[in-house]
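4 protein chains.
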Amino acid sequence: MTHPEKKTGRSRGEEWWSTDIIEMSPGVIRLRGYEIQDLIGRVSFPAMIWLMLRGELPTERQAALLGIALGAAVDHGPQAPSIAIARMAATCGVGINSAMASAVNVLGDVHGGAGEQALAFFGEIADAMDGGLDLQAAVSDRLDRFFREAQGYVPGLGHRFHPIDPRAPRLLEITRDFAAEGVIDGRFAGIAEAVEAEVARRKGRRIPLNIDGATAVIYGELGFPPPLTRGLFVLSRSVGILAHAWEQSQRSERNKGPLPREWLWAYTGTPVRDL
Amino acid sequence: MTHPEKKTGRSRGEEWWSTDIIEMSPGVIRLRGYEIQDLIGRVSFPAMIWLMLRGELPTERQAALLGIALGAAVDHGPQAPSIAIARMAATCGVGINSAMASAVNVLGDVHGGAGEQALAFFGEIADAMDGGLDLQAAVSDRLDRFFREAQGYVPGLGHRFHPIDPRAPRLLEITRDFAAEGVIDGRFAGIAEAVEAEVARRKGRRIPLNIDGATAVIYGELGFPPPLTRGLFVLSRSVGILAHAWEQSQRSERNKGPLPREWLWAYTGTPVRDL
Amino acid sequence: MTHPEKKTGRSRGEEWWSTDIIEMSPGVIRLRGYEIQDLIGRVSFPAMIWLMLRGELPTERQAALLGIALGAAVDHGPQAPSIAIARMAATCGVGINSAMASAVNVLGDVHGGAGEQALAFFGEIADAMDGGLDLQAAVSDRLDRFFREAQGYVPGLGHRFHPIDPRAPRLLEITRDFAAEGVIDGRFAGIAEAVEAEVARRKGRRIPLNIDGATAVIYGELGFPPPLTRGLFVLSRSVGILAHAWEQSQRSERNKGPLPREWLWAYTGTPVRDL
Amino acid sequence: MTHPEKKTGRSRGEEWWSTDIIEMSPGVIRLRGYEIQDLIGRVSFPAMIWLMLRGELPTERQAALLGIALGAAVDHGPQAPSIAIARMAATCGVGINSAMASAVNVLGDVHGGAGEQALAFFGEIADAMDGGLDLQAAVSDRLDRFFREAQGYVPGLGHRFHPIDPRAPRLLEITRDFAAEGVIDGRFAGIAEAVEAEVARRKGRRIPLNIDGATAVIYGELGFPPPLTRGLFVLSRSVGILAHAWEQSQRSERNKGPLPREWLWAYTGTPVRDL
Numbered sequence: 138m139t140h141p142e143k144k145t146g147r148s149r150g151e152e153w154w155s156t157d158i159i160e161m162s163p164g165v166i167r168l169r170g171y172e173i174q175d176l177i178g179r180v181s182f183p184a185m186i187w188l189m190l191r192g193e194l195p196t197e198r199q200a201a202l203l204g205i206a207l208g209a210a211v212d213h214g215p216q217a218p219s220i221a222i223a224r225m226a227a228t229c230g231v232g233i234n235s236a237m238a239s240a241v242n243v244l245g246d247v248h249g250g251a252g253e254q255a256l257a258f259f260g261e262i263a264d265a266m267d268g269g270l271d272l273q274a275a276v277s278d279r280l281d282r283f284f285r286e287a288q289g290y291v292p293g294l295g296h297r298f299h300p301i302d303p304r305a306p307r308l309l310e311i312t313r314d315f316a317a318e319g320v321i322d323g324r325f326a327g328i329a330e331a332v333e334a335e336v337a338r339r340k341g342r343r344i345p346l347n348i349d350g351a352t353a354v355i356y357g358e359l360g361f362p363p364p365l366t367r368g369l370f371v372l373s374r375s376v377g378i379l380a381h382a383w384e385q386s387q388r389s390e391r392n393k394g395p396l397p398r399e400w401l402w403a404y405t406g407t408p409v410r411d412l
Numbered sequence: 138m139t140h141p142e143k144k145t146g147r148s149r150g151e152e153w154w155s156t157d158i159i160e161m162s163p164g165v166i167r168l169r170g171y172e173i174q175d176l177i178g179r180v181s182f183p184a185m186i187w188l189m190l191r192g193e194l195p196t197e198r199q200a201a202l203l204g205i206a207l208g209a210a211v212d213h214g215p216q217a218p219s220i221a222i223a224r225m226a227a228t229c230g231v232g233i234n235s236a237m238a239s240a241v242n243v244l245g246d247v248h249g250g251a252g253e254q255a256l257a258f259f260g261e262i263a264d265a266m267d268g269g270l271d272l273q274a275a276v277s278d279r280l281d282r283f284f285r286e287a288q289g290y291v292p293g294l295g296h297r298f299h300p301i302d303p304r305a306p307r308l309l310e311i312t313r314d315f316a317a318e319g320v321i322d323g324r325f326a327g328i329a330e331a332v333e334a335e336v337a338r339r340k341g342r343r344i345p346l347n348i349d350g351a352t353a354v355i356y357g358e359l360g361f362p363p364p365l366t367r368g369l370f371v372l373s374r375s376v377g378i379l380a381h382a383w384e385q386s387q388r389s390e391r392n393k394g395p396l397p398r399e400w401l402w403a404y405t406g407t408p409v410r411d412l
Numbered sequence: 138m139t140h141p142e143k144k145t146g147r148s149r150g151e152e153w154w155s156t157d158i159i160e161m162s163p164g165v166i167r168l169r170g171y172e173i174q175d176l177i178g179r180v181s182f183p184a185m186i187w188l189m190l191r192g193e194l195p196t197e198r199q200a201a202l203l204g205i206a207l208g209a210a211v212d213h214g215p216q217a218p219s220i221a222i223a224r225m226a227a228t229c230g231v232g233i234n235s236a237m238a239s240a241v242n243v244l245g246d247v248h249g250g251a252g253e254q255a256l257a258f259f260g261e262i263a264d265a266m267d268g269g270l271d272l273q274a275a276v277s278d279r280l281d282r283f284f285r286e287a288q289g290y291v292p293g294l295g296h297r298f299h300p301i302d303p304r305a306p307r308l309l310e311i312t313r314d315f316a317a318e319g320v321i322d323g324r325f326a327g328i329a330e331a332v333e334a335e336v337a338r339r340k341g342r343r344i345p346l347n348i349d350g351a352t353a354v355i356y357g358e359l360g361f362p363p364p365l366t367r368g369l370f371v372l373s374r375s376v377g378i379l380a381h382a383w384e385q386s387q388r389s390e391r392n393k394g395p396l397p398r399e400w401l402w403a404y405t406g407t408p409v410r411d412l
Numbered sequence: 138m139t140h141p142e143k144k145t146g147r148s149r150g151e152e153w154w155s156t157d158i159i160e161m162s163p164g165v166i167r168l169r170g171y172e173i174q175d176l177i178g179r180v181s182f183p184a185m186i187w188l189m190l191r192g193e194l195p196t197e198r199q200a201a202l203l204g205i206a207l208g209a210a211v212d213h214g215p216q217a218p219s220i221a222i223a224r225m226a227a228t229c230g231v232g233i234n235s236a237m238a239s240a241v242n243v244l245g246d247v248h249g250g251a252g253e254q255a256l257a258f259f260g261e262i263a264d265a266m267d268g269g270l271d272l273q274a275a276v277s278d279r280l281d282r283f284f285r286e287a288q289g290y291v292p293g294l295g296h297r298f299h300p301i302d303p304r305a306p307r308l309l310e311i312t313r314d315f316a317a318e319g320v321i322d323g324r325f326a327g328i329a330e331a332v333e334a335e336v337a338r339r340k341g342r343r344i345p346l347n348i349d350g351a352t353a354v355i356y357g358e359l360g361f362p363p364p365l366t367r368g369l370f371v372l373s374r375s376v377g378i379l380a381h382a383w384e385q386s387q388r389s390e391r392n393k394g395p396l397p398r399e400w401l402w403a404y405t406g407t408p409v410r411d412l
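Protein chains in written order, with the numbering used here: chain H, 138 to 412; chain Y, 138 to 412; chain U, 138 to 412; chain D, 138 to 412.
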C-alpha cells in the first residue's frame, strides 16, 4: 500500500477503494500483476486461491497440498448447523447464493474457528522453539498454560462424534509425504503429534488429532496465518453447503423446519394466563 | 431417494434429514459412497466439487476444465457490490465468514445470475437442435424470440466496461482445445459463437461473449444444469471475496463507508420543515 | 430525486449516494425534513417506521393500526425455518446480529412472501373495481383466472397447521373497527372476505383467511404497496427471531443441529464403493 | 426450562427445540402464556417486543420509553456500511429480506456494539455503587481502570462526525422526564452524566454522550441486559435499512458499486509482470 498524499475529487474516491489485489482498465484484468488471460489455463484452482490470498504463485506441489486440505473438509453432514441451514434456506424461496450465505454466516468462532484456534496454538509453540526451547519443552510449557487458563478440549484434538476422525491420520500421512519430498518442512506436523502425545501422557488416554488440527497443520506448513485458516475452511465447506442446498432444491419441500412436519416443539414457559 | 414408508420416532426424525451425499457413523465418513480417507490426496479439489454436486467422480481432464472455469471468475474488483460489501463488512467487527456471507448473499439474479441465464439460453438452442433444427436455424429462432420478448443484452454477450472481456476469448480457446482432445464435444462453444455471430450480423457490430457466457459454455459442456452455474460462480467469486475481506482486515479502518470519510451524500428530499 | 447535471469530483461521489430519506451535517440529523430531536419523544415507533418508508407522518390512529399488524406476526415458533436458523446460529459463535441476519435472509418468496402475494392479489381485484366491476364480479373474475393459471392455495387463505389461524379473525375485527372509526375505508377487508366466501362457495368448504391475508388487508388499507408488505413482515418477525436467538444464547449448547445430538440422518445414496 | 428426564423418539425431538417463548397447537398460538388474539390490538408494538424478550408485559409508560429509544436510532445515512450495503444489495437481484440480511449482518462489535459496550460500562459502575461506593468514586475508579487498560473513546462518549449528537441530549431530557414521573429511577442517566463530567474534567474538554450512550442509558433504566442492547439496535436500524433498500429498489440502477460507475479504484500492488 502506498502512503498517499492528500488527494481530492475522483482520485480521492479511487484511493478510498485502493487494493493490491486487482488492477483493471477496459479490456485489461490483472491479478497481483499477472494478466488474467495468462493465468487462465496455466494455474490450478488452488493456485489461484493462493495467489489471491498471498500475492505470489505457489509451486505446483504447494498448490496440490492446499487443494488436498480444501478437499478434505467439504462436508460433515446435515447435523452441522451450516448444512442444515443451507437445506432449510433452499426451501424458503431464496436464490442458491442466499441459501449459501445464511449457511456460511454461521461458520463463526465455535462452528468454523477451531482450525484458526489450533493453528494459533501450534504457532505459539513454534514461536517458543524459535526462542530456543526444544519441541518437548515448548509443547509442555504451552499445555501447562492451557490447562491453567482454559477448559475443554486442547485446540485441534478430540471429536464429540468420531473416536478417530478418519480424515486426520490420512492428512498427517500426506503431510509427512510432502515433507519427505521437501515441499514443506514438517514442523507443524511434529508439533501436532507432540501435542497429541503429551496430552495422552497427561490424561492417560489418547485424544486424537481432529480435522481442524490436521488442516491447521497443513495451512501452517504452507505459511498461512491463523485467521486465513477460517477463510479457507469457508471456501472448503462452501462446497458441501452448495451440494446440500442443491440436493434440497430438487425436492418439493417448502419451508422445511428442523423436525418432521407433524411434530412440534416442547413448550416450557409460563402456563396459559389471562391478559 | 428412497420412498419411505411411514416411520415414527427417531427413525422418522432421521428420515427427515435424509441425503444422498454423505454417510456417517463414528469413525466413518463417506461421500457419495467413497471413504473420505480414500478420496483425500487422490482427487483434486475441483474433482471433489464435482463429486459432491454430481454424485460421480469426473475424469482428471474434466476436473481440470472445471478448475479452469472456477479460477477465471474469482474477482472483478471492488466496484462490484459483492467485493465492496466484503471489504466494508470486514471493518465492522464481524468474523471473516460473516463478511463473506454478506457478500455472497448479493450474488443474486442480477449480480450472479448471468451465467445461469446464458446456459439456459444456450441450452434451449441445444434442445431445438435435438429436435431437428440445424445450428444456424436454432440460433436464429431463439434470437427472434429473444428480441420479440426481451430487451437489453442477449445472455452471455456484452460488457458495460470491457470492449472485449480478456477472460472470454481465452476460455473459448481452451474449450476448443479440450474439445479437440475429446474431453467435451464442443457443442456449447459452437452455439455461443453462432449466437455471437448472428447478433453481430443483426446489430451491425460485434457484441462479444463475456465471462458469464464463456463459463456457461464450459459448465454446459461439462453437463452442469443452469442453476448450478450460479452455485459454481459463488464458489469462484468467494475466493476474491475472501482475498478482499482479508486485505481489508489488515488495515485499520473501522466502519468503512462507500465514500471517503470526509464526504457525505446528496440529500434530495423534502426541505427542512417543522413537526 | 433531482435530475442531476453531470457533476465531477466530490459532488459526483456525493450524488452517487443521493437519498430523499436523511439529511446530515455536523450536529444535524433530519429524517424526511424533520429534525431528529423534534421527532424523538413525539412520534411512536410505528409512526417512525411509516415516516421512513412513506416520507410523511401518519395520523396517530394510522400508526396504531400499523403497530397492531406488526405485533401480530412476531413469531410462529421454532418449526419455522427462520426461527430454527436463528437458534442454531446463536450456538455457533457469531454475534446476535449475525444470527438474526441468517434468519431474516430466508424470509424469501416462500417463507416471507405470502403477504406480498396476497396484497397483490387483493389489489388486482381493487383495480378491477376501479375499472367498473362490482365486488362480486371482480372477485369472481380474479378467481377464475387464478384457478385457470395456478395451483395450490389462493393467496391469503388457508394454513397447513391451523384450521383457523387465531390471528386472522381478530385482525379482521380490528380492521372493521378502524374502518367504522373512519381511519381506513375497509375496502381490502371487504375484498378479502368476498374472496374467502367465493372460494368457500366453489370448494364447498371454508378455507379461512390466514395471517398473511389479514396483515395484507391492513397494509393495503393503510396504502402500503405489496413489496413493502414483505419488508414490514421482516421487521415484525425480526422480533421473534431476536427473542429466540437470545433465549438460545442463554443456554450452553454449541453447534446445535436440527436433531437431538445422539441422532444422525438417513443416508439414501450410493452404497459404499471402492475408489 | 424444565429439567427433562431422558426422552426418546418424537418427544425427544420436540424437547430438543423446547422454548419458553411460544406455545402452539392447531388453532392456538400463545406468546409467553397469553393467547395471541388477546394480545393483538391491546398491547403496542414496543410492548410486544418487550414481552417477547423479557417474558412479562411492560407498563404502558415503560413500553413508550422503549419505543422512543427504538425510534431514535433508525438511520444514520448511507455512509454507514449497513445502509450502503442494503442499497447495493437491492440492485443485485435479491429479495428485500436478503438486502436487509446482508446489512443487519454487519452490525457487529464495531458497527453495532457500541451501545452494548456502553451499557456494560455503566453497569459496572452501578455494581460498584451497589458495593458501597458513591457515584463519583465509582465513576472515577472505573475511568482510572479504563485509561489504564484501553485506548480510544470511553464507551458511549464522542462522535467522529457530530460535535454534539442531536439525539443524545434529547434522549437524556426524556429519560429525566420519565424518571420524574417514576417510570424509571434515573440511575443510569446519573451515571452517564457523571462519566461525561469526569471525562471532561480529566481531558479539559467535553466529549459529549452519543446516541449509543444515550440509548444504553434508557435500555439500562428499563432493565435490559447489555447484549440485548445490540439486539434492540438491530430492530431499530432495520427500519432505516428497509427504507433505504426500498428507496433504492425504486430506481433503475443495477449492480450499484460504491463509487460512480465511471470511476475505478486505485491499484497499489505489484506492477504488471510476466507469468
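Treat the hints loosely; a few may be bogus.
Unchecked claim - Calculated cross-link-like contacts (lysine-lysine; reagent style DSSO-like; alpha-carbon spacing at most 27 Å):
id, chain 1, residue 1, chain 2, residue 2
1, Y, K144, D, K143
2, U, K143, H, K143
3, U, K144, H, K144
4, D, K340, Y, K143
5, U, K143, H, K144
6, Y, K144, D, K340
Said to hold, decoys possible - Computed beta-carbon distance windows for the label pairs:
id, chain 1, residue 1, chain 2, residue 2, range
7, H, G319, U, V409, 33 to 39 Å
8, D, P300, U, G319, 42 to 48 Å
9, Y, S148, U, E390, 21 to 27 Å
10, Y, D267, U, R398, 34 to 40 Å
11, H, V409, Y, T405, 39 to 45 Å
What the hints assert, rightly or not - Some chain D residues close to chain H (C-beta under 8 Å, calculated; not the full set):
id, residue
12, E160
13, T196
14, Q199
15, F283
16, E318
17, E330
18, P408
Hints listed in this document are in silico derivations from the structure and should not be mistaken for laboratory results. The beta-carbon is built from N, C-alpha and C at its ideal position, and this holds for glycine as well.
Structure versus earlier hints, numbers of those that do not hold, lowest first: When the structure is compared with the hints, numbers 4, 6, 10, 11, 13, 14, 15, 16 and 17 turn out to be violated.
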